[in-house]
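Read off the chains here:
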Amino acid sequence: MSTPATDIELLANREYQYGFVTDIEADTIPRGLNEQIIRLISAKKREPEFMLEWRLRAFRQWQQMREPEWANVKYPPIDYQGIIYYAAPRQAKDQPKSLDEVDPELLKTYEKLGVPLRERELLAGVAVDAVFDSVSVATTFREKLASLGIIFCSFSEAVREHPDLVRRYLGSVVPSSDNFFASLNSAVFSDGSFVYVPKGVRCPMELSTYFRINAQDTGQFERTLIIADEGAQVSYLEGCTAPKRDSNQLHAAVVELVALDHATIKYSTVQNWYPGDAEGRGGIYNFVTKRGKCAGRGAKISWTQVETGSAITWKYPSCILQGEDSIGEFYSVAVTNHRQQADTGTKMIHLGRNTRSTIVSKGISAGFGQNTYRGMVKMLPGAAGARNYSQCDSLLLGDKCGAHTFPVLEVRNPTARVEHEASTSRIGEDQLFYCRQRGLSMEDAVSMIVNGFCKTVFRELPMEFAVEAQKLLGVSLEGSVG
Amino acid sequence: MLEIRNLHARAGEHEILRGIDLTLKPGEVHAIMGPNGSGKSTLAQVLAGRETYAVTAGEARYLGRDLLEMKPEERSREGLFLAFQYPVEIPGVSNMYFLRAALNAARKQQGLEELDAADFLARVRDKIRLLGMEESLLQRSVNEGFSGGEKKRNEIFQMAVLEPKLAVLDETDSGLDIDALKVVAQGVNALRDPERGILLVTHYQRLLNYIVPDYVHVLSNGRIVRSGGKELALELEEKGYGWLETAAVA
Numbered sequence: 028m029s030t031p032a033t034d035i036e037l038l039a040n041r042e043y044q045y046g047f048v049t050d051i052e053a054d055t056i057p058r059g060l061n062e063q064i065i066r067l068i069s070a071k072k073r074e075p076e077f078m079l080e081w082r083l084r085a086f087r088q089w090q091q092m093r094e095p096e097w098a099n100v101k102y103p104p105i106d107y108q109g110i111i112y113y114a115a116p117r118q119a120k121d122q123p124k125s126l127d128e129v130d131p132e133l134l135k136t137y138e139k140l141g142v143p144l145r146e147r148e149l150l151a152g153v154a155v156d157a158v159f160d161s162v163s164v165a166t167t168f169r170e171k172l173a174s175l176g177i178i179f180c181s182f183s184e185a186v187r188e189h190p191d192l193v194r195r196y197l198g199s200v201v202p203s204s205d206n207f208f209a210s211l212n213s214a215v216f217s218d219g220s221f222v223y224v225p226k227g228v229r230c231p232m233e234l235s236t237y238f239r240i241n242a243q244d245t246g247q248f249e250r251t252l253i254i255a256d257e258g259a260q261v262s263y264l265e266g267c268t269a270p271k272r273d274s275n276q277l278h279a280a281v282v283e284l285v286a287l288d289h290a291t292i293k294y295s296t297v298q299n300w301y302p303g304d305a306e307g308r309g310g311i312y313n314f315v316t317k318r319g320k321c322a323g324r325g326a327k328i329s330w331t332q333v334e335t336g337s338a339i340t341w342k343y344p345s346c347i348l349q350g351e352d353s354i355g356e357f358y359s360v361a362v363t364n365h366r367q368q369a370d371t372g373t374k375m376i377h378l379g380r381n382t383r384s385t386i387v388s389k390g391i392s393a394g395f396g397q398n399t400y401r402g403m404v405k406m407l408p409g410a411a412g413a414r415n416y417s418q419c420d421s422l423l424l425g426d427k428c429g430a431h432t433f434p435v436l437e438v439r440n441p442t443a444r445v446e447h448e449a450s451t452s453r454i455g456e457d458q459l460f461y462c463r464q465r466g467l468s469m470e471d472a473v474s475m476i477v478n479g480f481c482k483t484v485f486r487e488l489p490m491e492f493a494v495e496a497q498k499l500l501g502v503s504l505e506g507s508v509g
Numbered sequence: 005m006l007e008i009r010n011l012h013a014r015a016g017e018h019e020i021l022r023g024i025d026l027t028l029k030p031g032e033v034h035a036i037m038g039p040n041g042s043g044k045s046t047l048a049q050v051l052a053g054r055e056t057y058a059v060t061a062g063e064a065r066y067l068g069r070d071l072l073e074m075k076p077e078e079r080s081r082e083g084l085f086l087a088f089q090y091p092v093e094i095p096g097v098s099n100m101y102f103l104r105a106a107l108n109a110a111r112k113q114q115g116l117e118e119l120d121a122a123d124f125l126a127r128v129r130d131k132i133r134l135l136g137m138e139e140s141l142l143q144r145s146v147n148e149g150f151s152g153g154e155k156k157r158n159e160i161f162q163m164a165v166l167e168p169k170l171a172v173l174d175e176t177d178s179g180l181d182i183d184a185l186k187v188v189a190q191g192v193n194a195l196r197d198p199e200r201g202i203l204l205v206t207h208y209q210r211l212l213n214y215i216v217p218d219y220v221h222v223l224s225n226g227r228i229v230r231s232g233g234k235e236l237a238l239e240l241e242e243k244g245y246g247w248l249e250t251a252a253v254a
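Chains as they are written, first to last, in this note's numbering: chain V, 28 to 509; chain D, 5 to 254.
It is possible that part of the hints are untrue.
To be verified - Dumping the calculated DSS-like pairs for lysine-lysine here, alpha-carbon to alpha-carbon at most 25 Å:
1. V/Lys498 to D/Lys112
2. D/Lys169 to D/Lys155
3. D/Lys243 to D/Lys169
4. D/Lys234 to D/Lys186
5. D/Lys155 to V/Lys482
6. V/Lys498 to V/Lys101
These aren't lab readings, by the way, just hints derived from the structure by calculation.
Using the sequences and the accompanying hints, generate a full structural model.
See the structure below:
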């Protein structure tokens with residue numbers, strides 16, 4: 028008969044499943060950050076002049092800025108000159124036209140990650156942009172999408188092929204001077220995804236980007252821009268993993284969403300960057316700026332995130348509700364186990380009349396994990412009749428972890444309504460015993476209780492992702508209850 | 005099927021069970037009665053394997069196995085069911101999902117195929133009716149927002165679905181009005197079976213009007229101070245527990 032102690036040890040020692048390294052020759056540039064490096068990145072990407080200028084301006088802004096210290100996370104200083112800002116797998120052609128031209132080693136990598144690009148191309152349903160270190164290595168389903176006028180390509184390609192759209196919208200939601208990490212990204216971003224859905228088009232499949240960091244000592248700085256024109260609809264998913272390494276790696280991404288009149292953008296994330304080991308060695312520092320603008324009347328932007336990875340998560344997917352009757356949503360599950368720290372939440376900025384927003388945040392802390400919800404709801408003078416509902420729940424597993432909530436409400440229109448509910452609970456010995464008395468193992472009991480806790484968020488995820496998220500949650504919390 | 009010898013258990017520094025002896029055979033219904041604080045609920049929880057209690061001496065055998073060596077989930081999968089005095093809420097987990105997981109855990113143990121949602125539903129329909137419950141209750145979160153009576157019925161409903169070999173009912177009658185009590189009793193009686201043992205823990209005699217036990221034991225201060233047939237319960241009703249507590253000391 029096995030004892031609880033040995034079970035838990037076994038589970039706790041289970042490896043991070045995506046921790047392997049792909050052995051592939053990389054094209055990297057020297058460490059460090061200066062104007063020369065930025066010119067080099069821009070040149071490698073054969074960018075038009077406007078892009079280089081944009082980067083250089085961002086870099087100068089960044090040099091004037093200081094790293095933010097207000098977040099509830101602790102980490103040693105990051106040496107920005109020690110990072111390699113560009114790494115790309117060497118390929119015969121720098122922009123493969125079809126999967127046949129993609130290095131088989133890369134295809135194998137994505138297969139191991141559970142994102143078989145070929146199959147996904149065959150099985151209709153999900154179009155994938157695969158970003159490996161600093162570059163996009165493949166984008167599937169392009170022709171089919173193009174026939175509807177939908178542009179789905181790597182950011183670099185968009186800069187070259189659709190410069191007008193990029194010029195018009197890049198930085199329109201997250202300006203290059205927005206914050207320290209966004210400015211850094213604006214200066215050095217290497218690739219990412221670009222989506223444009225034209226007027227009245229409903230994107231027939233889920234679009235997704237799969238981000239993978241492979242090379243050592245590199246940072247990943249991708250940038251995603253999604254534009255839904257009037258009446259357009261699109262659902263977009265992103266997933267992320269990285270190898271296990273003892274050193275920390277920086278990931279500072281920017282995502283901008285623009286929804287015009289009556290357009291809908293649904294953006295879902297399952298973030299599973301390497302979280303570091305049980306003692307807190309290694310892991311990704313995830314400093315991400317995500318913001319959407321409901322520019323038009325009746326527009327809707329919905330963020331759903333499941334954050335289980337990263338040593339540090341610093342991320343506040345937000346909505347600017349400018350158009351009348353526009354809607355912003357934020358559904359979040361954040362898990363911190365071992366020594367992970369997450370400071371995450373959202374900002375809902377209500378500008379237009381009758382704008383509505385919903386915030387549902389579920390924080391789960393285990394081990395020595397620290398989980399912070401930080402949210403802001405702002406009702407500006409023009410936001411007559413605006414409404415917000417926020418719900419922030421925290422669940423603690425064990426007694427060495429922490430949950431913190433910092434909600435800020437600012438209401439400057441007397442007709443606006445704001446509701447906020449919050450709870451903190453400990454996963455109860457009585458709940459566990461009840462489940463075990465009905466024949467469930469300890470691990471199954473924890474997983475069931477936690478999944479129940481997250482249900483209102485999971486049901487916002489596309490089906491395929493919901494299943495993955497549930498499994499991921501189980502793995503992330505293994506060994507967290509003794 | 006259940007043999008308890010000289011069982012001692014404590015919660016922290018406080019010794020609650022101080023030498024329990026009890027033998028229960030298949031088909032028998034035993035009632036454990038006693039005043040508040042006598043150790044009735046502790047006995048029920050210890051049998052189910054609750055780790056907040058430490059067994060300090062004695063032994064318990066269940067179906068020939070050392071019960072005290074088994075994890076709570078193993079006891080459950082081997083057919084030991086505890087109907088909780090205070091059923092626990094599990095928000096976001098549907099009653100149906102929970103119960104199917106429980107049933108499948110037991111079926112897996114017995115080498116049976118797991119049931120999918122459709123098979124499961126077919127199987128539970130008549131049991132829902134037996135307990136006079138709404139089918140919509142299956143879709144609701146486990147015990148969340150249930151009234152006291154609904155929670156107790158839900159326990160018996162779970163028992164009916166899981167068909168345990170040994171059912172331990174901890175104060176199932178507490179907080180029930182007389183109509184609900186009758187429904188619950190009917191549910192329990194429907195499960196009486198020559199192969200099944202039932203241990204009823206109760207403070208009041210009234211439950212035993214509806215579920216007539218084969219044996220009655222009176223627990224006081226962590227020991228069984230008197231055992232007898234069903235008439236013992238009536239005697240208690242008349243004389244109160246004080247009578248036996250004095251007798252035990254004497």
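These are the hints, each one checked on the structure:
no. : hint                 : verdict
1   : V/Lys498 to D/Lys112 : holds, 21 Å
2   : D/Lys169 to D/Lys155 : holds, 22 Å
3   : D/Lys243 to D/Lys169 : violated, 34 Å
4   : D/Lys234 to D/Lys186 : holds, 18 Å
5   : D/Lys155 to V/Lys482 : holds, 22 Å
6   : V/Lys498 to V/Lys101 : violated, 29 Å
Checked against the numbered hints above, the structure breaks hints 3, 6 and satisfies the rest.
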